[in-house]
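For the record, the sequence lines run as chains A and B.
Numbering follows numbering that gives the first Met the number 0, in which position 312 of the first sequence is assigned residue number 311; successive positions increment by one, without gaps.
Numbering follows numbering that gives the first Met the number 0, in which position 11 of the second sequence is assigned residue number 10; successive positions increment by one, without gaps.
These aren't lab readings, by the way, just hints derived from the structure by calculation.
Be aware that a few hints might be false.
Unchecked claim - Quick list of simulated restraints, FRET-style, between CB atoms:
{"hint": "1", "chain 1": "B", "residue 1": "Ser374", "chain 2": "A", "residue 2": "Ile156", "range": "27 to 37 Å"}
{"hint": "2", "chain 1": "A", "residue 1": "Glu39", "chain 2": "B", "residue 2": "Ala353", "range": "54 to 64 Å"}
{"hint": "3", "chain 1": "B", "residue 1": "Glu84", "chain 2": "A", "residue 2": "Met320", "range": "48 to 58 Å"}
{"hint": "4", "chain 1": "B", "residue 1": "Gly219", "chain 2": "A", "residue 2": "Lys321", "range": "20 to 30 Å"}
{"hint": "5", "chain 1": "A", "residue 1": "Tyr167", "chain 2": "B", "residue 2": "Ser359", "range": "37 to 47 Å"}
{"hint": "6", "chain 1": "A", "residue 1": "Ile156", "chain 2": "B", "residue 2": "Leu87", "range": "47 to 57 Å"}
{"hint": "7", "chain 1": "B", "residue 1": "Val271", "chain 2": "A", "residue 2": "Glu48", "range": "15 to 25 Å"}
{"hint": "8", "chain 1": "B", "residue 1": "Lys91", "chain 2": "A", "residue 2": "Glu248", "range": "42 to 52 Å"}
Stated by the list, open to error - Below are the BS3-like pairs computed for lysine-lysine, each with C-alpha atoms no more than 30 Å apart in a straight line:
{"hint": "9", "chain 1": "A", "residue 1": "Lys219", "chain 2": "A", "residue 2": "Lys60"}
{"hint": "10", "chain 1": "A", "residue 1": "Lys314", "chain 2": "B", "residue 2": "Lys121"}
{"hint": "11", "chain 1": "B", "residue 1": "Lys208", "chain 2": "A", "residue 2": "Lys314"}
{"hint": "12", "chain 1": "A", "residue 1": "Lys186", "chain 2": "A", "residue 2": "Lys219"}
{"hint": "13", "chain 1": "A", "residue 1": "Lys321", "chain 2": "A", "residue 2": "Lys186"}
{"hint": "14", "chain 1": "B", "residue 1": "Lys91", "chain 2": "B", "residue 2": "Lys121"}
{"hint": "15", "chain 1": "A", "residue 1": "Lys219", "chain 2": "A", "residue 2": "Lys321"}
{"hint": "16", "chain 1": "A", "residue 1": "Lys319", "chain 2": "A", "residue 2": "Lys186"}
{"hint": "17", "chain 1": "B", "residue 1": "Lys91", "chain 2": "A", "residue 2": "Lys186"}
{"hint": "18", "chain 1": "A", "residue 1": "Lys186", "chain 2": "B", "residue 2": "Lys287"}
{"hint": "19", "chain 1": "A", "residue 1": "Lys219", "chain 2": "B", "residue 2": "Lys352"}
{"hint": "20", "chain 1": "A", "residue 1": "Lys319", "chain 2": "B", "residue 2": "Lys91"}
{"hint": "21", "chain 1": "B", "residue 1": "Lys91", "chain 2": "A", "residue 2": "Lys314"}
{"hint": "22", "chain 1": "B", "residue 1": "Lys287", "chain 2": "B", "residue 2": "Lys208"}
{"hint": "23", "chain 1": "B", "residue 1": "Lys121", "chain 2": "A", "residue 2": "Lys321"}
{"hint": "24", "chain 1": "B", "residue 1": "Lys208", "chain 2": "A", "residue 2": "Lys186"}
{"hint": "25", "chain 1": "A", "residue 1": "Lys321", "chain 2": "B", "residue 2": "Lys91"}
{"hint": "26", "chain 1": "B", "residue 1": "Lys293", "chain 2": "A", "residue 2": "Lys319"}
{"hint": "27", "chain 1": "A", "residue 1": "Lys219", "chain 2": "A", "residue 2": "Lys319"}
What the hints assert, rightly or not - Among chain A residues calculated to face chain B with C-beta under 8 Å, some are:
{"hint": "28", "residue": "Tyr36"}
{"hint": "29", "residue": "Ser64"}
{"hint": "30", "residue": "Tyr120"}
{"hint": "31", "residue": "Gln129"}
{"hint": "32", "residue": "Leu163"}
{"hint": "33", "residue": "Tyr167"}
{"hint": "34", "residue": "Val187"}
{"hint": "35", "residue": "Pro216"}
{"hint": "36", "residue": "Ile220"}
{"hint": "37", "residue": "Trp251"}
{"hint": "38", "residue": "Ile309"}
Glycine included, C-beta positions come from ideal geometry on N, C-alpha and C.
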Amino acid sequence: MSAHDLARNSGADTALKLFEAENNIVPLSKGDESIYYFDENFQTQQTSERPWNNNIYYYRKVEISSIALVKMVMHARSGGDLEVMGLMLGKVVGQTMVVLDAFALPVEGSETRVNAQQEAYEYMVQYLEQSQASGRREPVIGWYHSHPGYGCWLSGIDVATQMLNQRYQEPFLAVVIDPKRTMSAGKVDLGAFRTFPEEQQPSSSPGASAEGTQDVPLNKIEDFGVHSSKYYPLEVGYFKSSLDQQLMERLWRKHWITTLSRSPLITNSDYTTQKMAEIAEKINIFGKDGKKSVSYSQVLRESDAIADEITQGHKSNALKMKLFTEL
Amino acid sequence: MQLRDSAVAVLHPLVLLNISEHVTRTAAQVECSKGKSDSPKTPAVLGALLGRHTEGRYELFLSFELTLENAGESGELNINSENFEIRLEQLKLIFPNDDFLGWYVVSSDLNVTRMMTTLHSKIICTYPSALLLVFDASLSGGSTASSGYSLPVAVYETHQPTAVSRSKLELYTQINDTGDRPQEKAEYYVEVTNDAKVLNDPNAVMASKLVPLRIAIDSGEAERVATEHVANISKTVAEDTIVPTTSGAGGSGGSGPSSAPEPGIYNDSSQVVVFLSSQRIAVEMLQKDISVLKTYVGDVLNGNAPFDPDVLQIVQRVLSNKPVVMNDEIFDLARAQEETNYQMVSYLAGMTKAVSAVRSVSFRANAALVSARNSNMPNVNPSQDGIFDVSMSGVMMMMGGGGPSRFGGRSRGFGGMR
């Protein structure tokens, strides 16, 4: 008995040491190291000069980590037709903003209004405290929200929110995800934006910055048009660690089955129908010769996109027919 | 190991990615703060797993990091429970359907260590059926042959505590402390400390057996798209990914952001190309797997490989699967309709494109004409704008006619085809 107790105590003593030794295992590539390491001094130095005051286009690029991307897309999708929002954690390196993680906020909006309320704020503060205690040291670098089915752009309220945050919270980034288009196209539909400060609007002609890149549905087009000159899109890149890479390779071994078995035609039938109706409606506007808020090239692009998506669905069906029934 | 009839742990890619990120981040912090000042020791990498449990199926959706409480004099391991409670509560606000199912710990192989059992016996005081997931960050895998393909995780289920001889706990500990590797099939027992039952036998102890679970992978639709994106599109971090220079003051505020094309295959190819190549990879995988099975069956026939009735039975079952919808009239009809729809849409899209092209040509022609007229022939009737009547409505209405039909809505059975 006593011998056993002794063994247990010494075991507990060494357990931690043992564990630490066991854990020092992951060989990191140089790149991983620099991107996943958070250096407070470096961040202070990066932001202390407030370079965004001199150049409203200071931040040009966003790098999003694999985990942040997956979290945001899944959260956006889980909201269904409702808008959801959350915050992103990360850092800045030169003119690039790096998003390392994201978390959801318990806020659900509808239509084009997403606004963090008081409870969400409390939630956020508590979450940050806890995650910092757990070793995630990056500060909040921006917010994301979803636009289910109507594309990635900033509405009037979004612009106001973003402007406010950029005034007090710089560096700050806005990311918009369209989960419906993501599902429909089978490709992540995501946009990253920053607004111009109110007193420093760009001198170029209004509407040049964000317009022409997004397909906006008819009932939102006014909201889009009015505010589209108040912000600019950032180039978006994605990265993953080398461990992620190896993991993904192994995951892919089991994943291809889903690629084959899914049927895009069925998953997206509602969206496709809605989209067709939308295009038809826009074209009817041309006939009436009313307001010219809809551009021809935009309709063209939308019709191309939807045709592409249906082609994908059809091709995958044809492929499966060939593979499994005609052999 | 006989795992076929036991429960299954369904892992979602998000959980794996989250753990991977946790490892990388922790390692990066340690690596970079080494030699600088504070503690160069590696903190424990562990966290909680959330998900749903139904009838022997553990589905793991989410995870979050856990921290160890500052080890006191005794050096005893304890999970920071305040932190744990708050974070669990917070996540449940957003994902109300997911419960705490267990915890993960990162190690350099898939074996259960003393530290894991110590912590696990504390966790099962509160959550008697908690799972233990061991993540092998070295990715070495257990068996060498299949390790390239298998996931670097092992999941253990906690069974009902039973009275076992104390040596069951000891045996394992001893093996590990002396540095000998425990055998593959070593049974792991975790002491249950909060069981009030007094055992007569001083050599017996209440302990729960840890049983390895079969592991499966599943992902939601959105998760699939996102992970596929991660797997195929995003680059691995290279040293030049982020260059910490503040050079290039970025021009004088007026210039618009130059949208340099994103590197990757989306850049200059259409979505259809991307889609088709992913399908191609999938078919390639299918072919590879079939050829593995084929080789195995061939080897068994030649007597070169051991005869495994279970595997062969599965092969047999797959082979005898007939396509469910062979010669089904309704299915064929639905498919034909779908095809017609598809062709219609392509047709309409092409037509829209053509009309748009004609329109832009006519615009340019008119513009050229007007400017030519203004400079050379000032006396021409100004009310006549150009030679083309710029209107898309006539042809484009056809496109509008395509709207109301539902795509995919009528068909049945497509999803079931594998």
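Status of each hint after checking the structure:
no. : hint                              : verdict
1   : B:Ser374 <-> A:Ile156: 27 to 37 Å : 49 Å, violated
2   : A:Glu39 <-> B:Ala353: 54 to 64 Å  : 59 Å, holds
3   : B:Glu84 <-> A:Met320: 48 to 58 Å  : 53 Å, holds
4   : B:Gly219 <-> A:Lys321: 20 to 30 Å : 28 Å, holds
5   : A:Tyr167 <-> B:Ser359: 37 to 47 Å : 46 Å, holds
6   : A:Ile156 <-> B:Leu87: 47 to 57 Å  : 32 Å, violated
7   : B:Val271 <-> A:Glu48: 15 to 25 Å  : 46 Å, violated
8   : B:Lys91 <-> A:Glu248: 42 to 52 Å  : 33 Å, violated
9   : A:Lys219 <-> A:Lys60              : 27 Å, holds
10  : A:Lys314 <-> B:Lys121             : 54 Å, violated
11  : B:Lys208 <-> A:Lys314             : 50 Å, violated
12  : A:Lys186 <-> A:Lys219             : 23 Å, holds
13  : A:Lys321 <-> A:Lys186             : 25 Å, holds
14  : B:Lys91 <-> B:Lys121              : 22 Å, holds
15  : A:Lys219 <-> A:Lys321             : 43 Å, violated
16  : A:Lys319 <-> A:Lys186             : 21 Å, holds
17  : B:Lys91 <-> A:Lys186              : 29 Å, holds
18  : A:Lys186 <-> B:Lys287             : 26 Å, holds
19  : A:Lys219 <-> B:Lys352             : 24 Å, holds
20  : A:Lys319 <-> B:Lys91              : 40 Å, violated
21  : B:Lys91 <-> A:Lys314              : 41 Å, violated
22  : B:Lys287 <-> B:Lys208             : 38 Å, violated
23  : B:Lys121 <-> A:Lys321             : 55 Å, violated
24  : B:Lys208 <-> A:Lys186             : 44 Å, violated
25  : A:Lys321 <-> B:Lys91              : 45 Å, violated
26  : B:Lys293 <-> A:Lys319             : 21 Å, holds
27  : A:Lys219 <-> A:Lys319             : 39 Å, violated
28  : Tyr36                             : 4 Å, holds
29  : Ser64                             : 7 Å, holds
30  : Tyr120                            : 13 Å, violated
31  : Gln129                            : 5 Å, holds
32  : Leu163                            : 21 Å, violated
33  : Tyr167                            : 21 Å, violated
34  : Val187                            : 5 Å, holds
35  : Pro216                            : 14 Å, violated
36  : Ile220                            : 18 Å, violated
37  : Trp251                            : 6 Å, holds
38  : Ile309                            : 5 Å, holds
Of the numbered hints given earlier, the model fails hints 1, 6, 7, 8, 10, 11, 15, 20, 21, 22, 23, 24, 25, 27, 30, 32, 33, 35 and 36; all others are met.
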